[in-house]
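Undergrad: First to last, the protein sequences are chains A and B. Read in order, the letters of the first sequence are residues 1 to 334 in my numbering. Read in order, the letters of the second sequence are residues 1 to 251 in my numbering.
In short, the hints are calculated from the structure, not lab data. Keep in mind that the hints are not guaranteed to be accurate.
Keeping only pairs whose Cα atoms sit at most 20 Å apart, straight-line, the calculated SDA-like set for lysine to any residue is [claimed, not checked]:
| no. | chain 1 | residue 1 | chain 2 | residue 2 |
| --- | --- | --- | --- | --- |
| 1 | B | Lys109 | A | Arg218 |
| 2 | B | Lys77 | B | Asp91 |
| 3 | B | Lys77 | A | Trp191 |
| 4 | B | Lys109 | A | Ile219 |
| 5 | B | Lys77 | A | Phe222 |
| 6 | B | Lys28 | B | Gly150 |
| 7 | B | Lys77 | A | Val192 |
| 8 | B | Lys109 | A | Arg220 |
| 9 | B | Lys109 | A | Gln169 |
| 10 | B | Lys109 | A | Trp191 |
| 11 | B | Lys109 | A | Leu300 |
| 12 | B | Lys139 | B | Gly150 |
Just the calculated beta-carbon pair ranges, DEER-fashion [as the list claims (entries may be wrong)]:
| no. | chain 1 | residue 1 | chain 2 | residue 2 | range |
| --- | --- | --- | --- | --- | --- |
| 13 | B | Ala114 | A | Ala319 | 54 to 62 Å |
| 14 | A | Arg331 | B | Ala148 | 21 to 29 Å |
| 15 | A | Ile98 | B | Asp146 | 38 to 46 Å |
| 16 | B | Asp146 | A | Leu305 | 26 to 34 Å |
| 17 | B | Lys12 | A | Ser12 | 55 to 63 Å |
| 18 | A | Ala319 | B | Asn23 | 54 to 62 Å |
| 19 | A | Leu134 | B | Ala114 | 32 to 40 Å |
| 20 | A | Val295 | B | Asp146 | 46 to 54 Å |
| 21 | A | Leu138 | B | Val7 | 53 to 61 Å |
Note that beta-carbon positions come from the ideal geometry of N, C-alpha and C, so glycine has one too.
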Amino acid sequence: MAVQIETLRGRSGLAAAAGAALILLILVPGYFETYQVQLLTFGLIAALAALGFNLLLGYTGLLSFGHSAYFGVGAYALAFVVQYLGPHSMEFYLLFGIPVVAITSALFGYICVRHTRIFFGILTLAISQVIYSLALKLYWVTGGSDGLRVPRPALLFGALSFSGPSGFQQFITSYYYYVLAIFVVCVLLMWVIVHSPFGKALQGIRDNEVRARFLGMRIRRFRWIAFLVSGTFTGVAGILWVPLEGLATPDVLYWTFSGEIVFTALLGGFRNFTGPIVGGIVFTYLKSYAVATTVYWQLLLGIVLVTLVLVLPTGIVGAISLAGRRLRQRRASP
Amino acid sequence: MILLKTVDLCKKFGETRACDGLNFVVHKGEFLSLVGSNGAGKTTLVNLISAHLQPDSGQIIFADRDITFATVTERIKAGIARSFQIVSLFDALSVFDNVALSVFSREGKAVRMASLADRDADVRRESLEVLGQFGLASKEAVMAGDLAQGERKLLDVAVAYALRPRLLFLDEPTSGVSTHEKAQIMDTVSSVVRGGQVTAVVIEHDMDVVFRYSDRIVMMHEGGFLADGTPDEIRANPDVASILLGAPLSA
């Protein structure tokens with residue numbers, strides 16, 4: 001009973017912190033210029049991609065080097081709808097895109113989860129590169145390296161459309177709230193998943209596969225479902241990303257983009273639920289300012305990554321949690 | 001009543017015959033100890049029965065059903081569970097979660113992802129009950145990796161026991177703990193297992209423990225059976241004494 005009360009207290013604290021963060025996020029467009037709102041929207045999308053990715057790395061113990069595939073498939077699914085089907089409604093894009101990324105993740109996941117460790121990583125990388133090559137070479141369908149242009153879609157079943165001189169600014173503000181709403185729903189969903197029996201089972205499989213097998217768990221099936229959910233979340237991020245970027249290009253399918261997703265999870269801390277969220281937002285700002293500051297921005301990001309692994313192996317959130325724990329222990333000791 | 005039997009069960013590792021045509025029988029409700037020196041084939045036999053290894057030849061019959069080619073999951077569903085020689089837990093999960101995962105898995109609830117694990121009242125009640133039986137209820141929130149060795153051994157058995165098996169294999173449940181803890185662990189395990197009417201097969205090296213807790217003792221030597229009997233019969237067996245004292249076997 002005492003433990004349950006402790007858990008409830010912990011969850012109340014978490015809910016209060018999440019509520020405060022949400023209020024701050026809601027207030028952002030009122031206090032910051034359009035560019036900052038746009039950047040934060042990109043940050044939320046990166047956070048969502050990393051959140052999906054981390055179900056595999058942090059909770060299942062599988063390091064995917066090919067999550068750009070699911071992000072990219074989401075992005076291209078939307079671009080294909082725009083190009084070949086017509087209705088410029090974001091809800092239609094989501095309704096079409098989510099099943100596409102789910103099916104793609106299920107198919108590729110079925111192949112990849114037959115292996116673990118480096119073999120799993122290489123399989124995910126290889127598959128993502130196949131998709132990249134297809135996007136590049138089937139240029140009469142995909143637009144090749146030029147990609148496919150995606151105009152600003154209407155939101156809320158056509159209730160909000162954006163044209164005219166102030167259209168861009170209105171779109172950025174509205175789309176920010178749109179992405180924020182989906183982001184909140186996805187975070188809640190993922191939180192329930194990782195705290196569900198399924199989430200606990202994944203953590204068990206991550207820590208001790210043999211024991212999990214001797215509890216009667218079908219390990220491959222669990223990993224496959226985790227892959228499907230993970231890829232779908234990252235794919236939703238891809239769908240949300242295209243209208244903001246205005247273009248779906250093969251760059252989002254390239255392996256370096258998968259590397260960025262891994263980077264964001266490491267940056268925030270893949271052993272914490274909130275780590276990838278923080279990592280996604282911080283990475284977006286870091287990259288944006290690095291690109292604006294120096295032509296050697298990749299070198300700068302590389303230095304950050306090396307420093308991070310050496311100094312903060314548990315990431316930003318992991319380091320903050322550790323510092324907080326030590327502070328509480330110091331206060332508690334006489 | 002026979003619960004498990006193996007028929008001419010064989011397993012070779014290279015030229016070594018770890019199990020050499022074993023005809024092993026376990027009766028329902030008994031507390032059986034499997035003893036023998038290192039390399040006698042005890043763990044291999046348990047690994048074969050629990051599907052951790054596949055036999056080269058022979059048959060495994062459990063509850064009148066041939067399970068020789070059944071998967072681990074199918075054998076667990078049939079009622080076979082095991083603990084491990086080296087404690088095998090989910091160290092980054094709490095003591096409660098370790099046992100709860102067993103219950104979720106047994107109930108087919110482990111794939112549920114739309115509800116919180118700690119909100120399932122039935123699983124919570126049962127997990128706490130099992131932890132209470134093994135004297136671990138007060139440790140429910142502790143990470144399994146932070147437990148003392150004796151507690152880890154108990155939790156290892158509790159996790160297997162929570163599967164509600166009909167036949168439970170315990171691979172050296174008292175290895176690596178003090179003499180005092182050995183008695184505590186075996187008292188607890190024996191009382192829970194007998195109370196739950198679970199048939200148990202224990203691999204054990206400590207003969208004091210074996211003689212004190214077993215209904216029947218089977219001694220293995222070089223992949224075969226050397227002796228089979230009650231503790232008194234085994235105590236009086238000169239071949240067993242020879243093995244235990246390192247002396248040559250009688251002709």
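Undergrad: Please go over all the hints and tell whether each is borne out by the structure.
TA: Now the hints, each set against the structure:
Among the hinted pairs, lysine 109 of chain B with arginine 218 of chain A is consistent with the structure: their alpha-carbon atoms are about 13 Å apart, no more than 20 Å. The straight-line distance between the Cα atoms of lysine 77 of chain B and aspartate 91 of chain B is roughly 25 Å, outside the 20 Å bound, and the hint therefore fails. Taking the CA atoms of lysine 77 of chain B and tryptophan 191 of chain A, the gap is about 31 Å. The hint is violated against a cut of 20 Å. For a cut-off of 20 Å, the pair hint linking lysine 109 of chain B to isoleucine 219 of chain A stands: about 14 Å separates their Cα positions.
For a cut-off of 20 Å, the pair hint linking lysine 77 of chain B to phenylalanine 222 of chain A stands: about 18 Å separates their Cα positions. Only pairs whose Cα atoms come within 20 Å are accepted, and lysine 28 of chain B paired with glycine 150 of chain B is rejected, the gap being roughly 28 Å. Under the criterion of a C-alpha separation no larger than 20 Å, the hint pairing lysine 77 of chain B with valine 192 of chain A is inconsistent with the structure, at around 28 Å. The hinted pair formed by lysine 109 of chain B and arginine 220 of chain A meets the criterion: a straight-line CA distance of about 17 Å does not exceed 20 Å.
Distance hint between lysine 109 of chain B and glutamine 169 of chain A is unfulfilled; the C-alpha atoms sit about 48 Å from each other, more than 20 Å. Pair hint lysine 109 of chain B plus tryptophan 191 of chain A holds up; C-alpha atoms about 18 Å apart against a cutoff of 20 Å. Taking the CA atoms of lysine 109 of chain B and leucine 300 of chain A, the gap is near 47 Å; set against the 20 Å cutoff, the hint is violated. Between the alpha carbons of lysine 139 of chain B and glycine 150 of chain B the distance comes to roughly 13 Å, so the proposed pair stays at or under 20 Å and holds.
For the pair alanine 114 of chain B and alanine 319 of chain A, the supplied restraint of 54 to 62 Å is violated, since their beta-carbon distance comes to about 33 Å. For arginine 331 of chain A and alanine 148 of chain B, the hinted distance range of 21 to 29 Å is satisfied, since their beta carbons lie about 27 Å from each other. Between isoleucine 98 of chain A and aspartate 146 of chain B the C-beta distance comes to about 41 Å, which sits within the given range of 38 to 46 Å. At roughly 32 Å, the beta carbons of aspartate 146 of chain B and leucine 305 of chain A sit within the given window of 26 to 34 Å.
A beta carbon spacing of about 60 Å between lysine 12 of chain B and serine 12 of chain A agrees with the range 55 to 63 Å that was offered as a hint. Distance hint check: the CB atoms of alanine 319 of chain A and asparagine 23 of chain B are about 60 Å apart, consistent with the given range 54 to 62 Å. For leucine 134 of chain A paired with alanine 114 of chain B, a C-beta distance near 35 Å keeps the hint of 32 to 40 Å intact. At about 50 Å, the CB distance of valine 295 of chain A to aspartate 146 of chain B agrees with the hint of 46 to 54 Å.
For leucine 138 of chain A and valine 7 of chain B, the hinted distance range of 53 to 61 Å is satisfied, since their beta carbons lie about 60 Å from each other.
When the structure is compared with the earlier hints, violations turn up for hints 2, 3, 6, 7, 9, 11 and 13 and for no others.
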